[in-house]
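Colleague: Work out the full structure: start from the sequences and follow the hints.
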Amino acid sequence: MTITTYSRGDFTLTADDHCGSDQVTLTVTRTAPFTDDGVRRLNNELADYGAELIAGSVAGRYTLYVGSEALDYDPGTDASAVLTATVPR
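In this note's numbering, each number is its position in the sequence shown, counted from 1, plus 9.
Hints are computed from structural coordinates only; laboratory data are not their basis.
Remember, predicted model here, so these are calculated numbers, not experimental data.
Backbone N, C-alpha and C define an ideal beta-carbon position, used for all residues, glycine too.
Worth double-checking, as some hints may not be accurate.
Claimed, not checked - Label-pair ranges, simulated between beta-carbon atoms:
#: 1; residue 1: A68; residue 2: C28; range: 32 to 42 Å
#: 2; residue 1: C28; residue 2: A64; range: 30 to 40 Å
#: 3; residue 1: T11; residue 2: A68; range: 33 to 43 Å
#: 4; residue 1: S16; residue 2: I63; range: 18 to 28 Å
#: 5; residue 1: R17; residue 2: L80; range: 15 to 25 Å
#: 6; residue 1: A79; residue 2: D31; range: 19 to 29 Å
#: 7; residue 1: T86; residue 2: G18; range: 16 to 26 Å
Modeller: Next comes the structure, spelled out in structure tokens:
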């Protein structure tokens, strides 16, 4: 197992690469509401895994996607949140 962690401002992205598997578990932990710049920086990192965080129609809500598949949802109602998704390597 290889774990890679990226910390960027108010969020941390952890990529847990399951050795011998064709999957990676992504965990996004935020400690404050996402900002436009934070989402841009996070998406730069998520792109390596074919994932993207997309803002919802209501302010503060975000969904983690791989392709057109929604994998986790952040309603934006708490000061912090954790989003987790397992994606193909």
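Colleague: Next step is simple, just say for each hint if it's right about the structure.
Modeller: Do the hints match the structure? See the list:
Our hint of 32 to 42 Å for A68 and C28 holds, since their Cβ atoms are close to 40 Å apart. Under the hint 30 to 40 Å, the C-beta atoms of C28 and A64, about 34 Å apart, fit the expected range. Between T11 and A68 the beta carbons are some 36 Å apart, a value that agrees with the proposed interval 33 to 43 Å. Between S16 and I63 the Cβ separation comes to about 22 Å, which falls inside the hinted range of 18 to 28 Å.
At about 20 Å, the beta-carbon gap between R17 and L80 stays in the expected band of 15 to 25 Å. Distance hint for A79 and D31: a CB-CB separation of about 21 Å, consistent with the stated range 19 to 29 Å. As the Cβ distance of T86 to G18 is approximately 20 Å, the hint placing it in 16 to 26 Å holds.
Comparing the model with each earlier hint shows no violations; every hint is respected.
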